[in-house]
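We have chain R already, so just place chain L on it with the hints.
Here is what each chain is made of, one letter per residue.
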Amino acid sequence: MSILIKQGKLLLKDTDGHHLTAGSLRIEGSRIVSIGRDIQPQAGDIIIDATDKIVGPGLIDTHVHLREPGREDKETIATGAKAAAAGGFTTIVCMPNTTPPIDSGATISAILLKAKEASVRVIPVGCVTKGRKGQELAEIGELVEAGVWGISDDGDPIVDGEIMRRALEYSRPFGIPVISHAEDPRLMGKGVMHEGFISTILGLPGIPAEAESVMVARDLLLAKATNSWVHIAHVSTKESIELITAAKARGIKVSCEVTPHHLVLTDEAVQSFDTNTKVNPPLRSKEHVEALRKALTSGVIDCIATDHAPHTWEEKDCDYMQAEFGLIGLETALPLLYTHLVKPGLLELATLWERMSYQPAKLLGLTDHGLAVGNRADIVIMDEALAKTVDPKTFFSRSSNTPFAGEQLFGWPVVTIVGGNIAFGEAK
Amino acid sequence: MAWQRKDLLGLADLSAEETETLLRSALSFKGVFQRSVKKFPTLRGKTVVNLFYEPSTRTRSSFEIAGKWLSADVINVSVSNSSVVKGESLKDTAKTLEAMGVDAIVLRHSVAGTPQYLARCLRPAVINAGDGAHEHPTQALLDLLTLKERWDSFQDKDALIIGDIRHSRVAKSNIYGLRRLGAKVTVCGPATLIPPGLEKLGVEVAESLDDAKLETADLIYVLRIQRERQEEGLFPSLREYSRLFGLNAARMERTKPEVVVMHPGPANLGVEITTEVAYSKASSIQEQVTNGVAVRMAVLYHLIGGGRQSVDLD
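Read top to bottom, the protein sequences are chains R and L. In terms of this note's numbering, the first sequence opens at residue 1 and continues consecutively. In terms of this note's numbering, the second sequence opens at residue 429 and continues consecutively.
For reference, chain R alone in the conformation it holds in the complex (with noise of 0.2 angstroms):
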């Protein structure tokens, strides 16, 4: 199969920087082929007017739940990638906390099997502990053979800190990370939501910042005494930033992530009681939020990472305590930190770019990313001037579970091409 995007705002980076630049782009099998001014359409070519339309590399999340096997009801490997493909990405990481857990080599398979057959690229990763456990470790070894991108309890901190710093030192000769779900539960105890003035006016138990703080300083040291790579998943404190920051001036491995929903929603969104403002780590208040832009702005956090967690109606349909936490993310994420953050003019496109795309393909080991000659296809086409209203119905996700809907948003994908497939939208 041929693609050519004719006319686009061509999202290029080089050695100088990145570059909005008016061109036309040609697909072949799975690889770009050649980028250009104004280039003539071959027989057979599939032809996708861009016109106006920004065309980048693909979009990656570093962190989805899929929810299989096991939670089929919430959703698949292949509608969470359909998902993925409508939100304009082309690679997702899933994490393990299914059920059974993703703990072994044959997990893996079972997983990359089904893979196969989904919309965007799905990379798989392992727990640390056997059965997400948090006692013993994993079979490291075997689940980095069969494909993981790294390591994680994720949904569950390691609260034994001998257990997180011998996953730390074991994993090291792997060259993965382990990927810190950073959550001190006795800090956290019941709590539903941030700690600050709108958990005492709502009355809900409050989660204070230093649940989240505390194992982010633990897992910083940690990783330094064994010289191991550490990735913070959805950093959400202003102090897990001032600690991440430090430590990266220190030469320390990290990397983190930072979901769209704290970086565009705080704590006053729960006053609605709207149980899908309810997540874990919570969203924090505006000084939390500020920290958190500013570090998106100077490369402190390295990557946007929806935490994409699907629940079913009937989970969310209910009172504030009983409600699962998590939200899902796949779809509106793109026009979400659009609409927030570029539009008003806080962030720049390319660094959201950045954010979403090249950076997290350099955690991955991507090599082939980016919209060069030779890369891989994975491609997104975006409509900047495109409004549409968030409605969950519209979703491929199998749940809803969604706290923007209703809201109005611009900077839509319309395209997704995935491996030189066209995964979402049509041709016109």
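Don't read these hints as lab results, they were simulated from the structure. Among these hints, one or two may not hold up.
[Said to hold, decoys possible] Distance windows between CB atoms, simulated:
1) N421/R / K523/L: 42 to 48 angstroms
2) A225/R / R548/L: 49 to 55 angstroms
3) E656/L / E268/R: 25 to 31 angstroms
4) H19/R / R548/L: 24 to 30 angstroms
5) D160/R / L672/L: 34 to 40 angstroms
6) D160/R / P694/L: 42 to 48 angstroms
7) D584/L / D160/R: 55 to 61 angstroms
Don't be surprised by glycine CBs; every beta carbon is placed ideally from N, CA and C.
What follows is chain L alone, placed relative to chain R:
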């Protein structure tokens, strides 16, 4: 001002005008409590359900009496923990009651926000009878009524609330009500039981009763201390709590003679308040209970009785 609200969820967004309307109606209803026949036909044919997910004697019976004196049919549904475990959802239960044609649901629930949740999906009026650590509007209204009977004005009165502010819906609703009517509010309790951000509500925090200016207080509101907070490690013992924060005769000696002492009940006598103080002349604990019925009559009257203006029975 004509009454507009379908539900009474809290005092946080109740205007001073709405608050006054309810209090005036409550006073009118209270005016007939001395009569041998206290019944009004106002809510004849209306049905009020007390849907209680937490045990409660006084709030539930107070609503029941209020409804009955207005001639409503009142039904009590106490949902035990066992049916929650069975998976009967709150919404399902409430929807069932709605389908039976009830006019008002009085909800008591341990989770904050459950009245908001029901109000969003139900046609009947929803009255919050206490939700978690969020709000307890009718308690605060009856407290305000009690004060209104004693005070000419709330303006610049000093209110001191002592106890577990963090977990107290009563404290929260009273803070809103007292502030809205012009009183100054100070809270005092163990630092572990003072939640963050109260200054944004215009509330002062005193860390000990010595700092709390008992001398200038016009109202001392004593909250019930729950034993489970000690088990959660939030304070060392009831004995120490009583020593540091209990209201006793010695502390009462520091107060003004006209100070009002309140407690939402039921009191742990000898812990947060001594029996002597609870039954002293300053204490308004019995009046609070009486006023509870009057306030709840007013609330039912305005929400489901078609009451658009305050009641005037003279």
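Hints, verified against the model:
| no. | hint | result |
| --- | --- | --- |
| 1 | N421/R / K523/L: 42 to 48 angstroms | holds (46 angstroms) |
| 2 | A225/R / R548/L: 49 to 55 angstroms | holds (51 angstroms) |
| 3 | E656/L / E268/R: 25 to 31 angstroms | holds (30 angstroms) |
| 4 | H19/R / R548/L: 24 to 30 angstroms | violated (49 angstroms) |
| 5 | D160/R / L672/L: 34 to 40 angstroms | holds (38 angstroms) |
| 6 | D160/R / P694/L: 42 to 48 angstroms | holds (44 angstroms) |
| 7 | D584/L / D160/R: 55 to 61 angstroms | holds (56 angstroms) |
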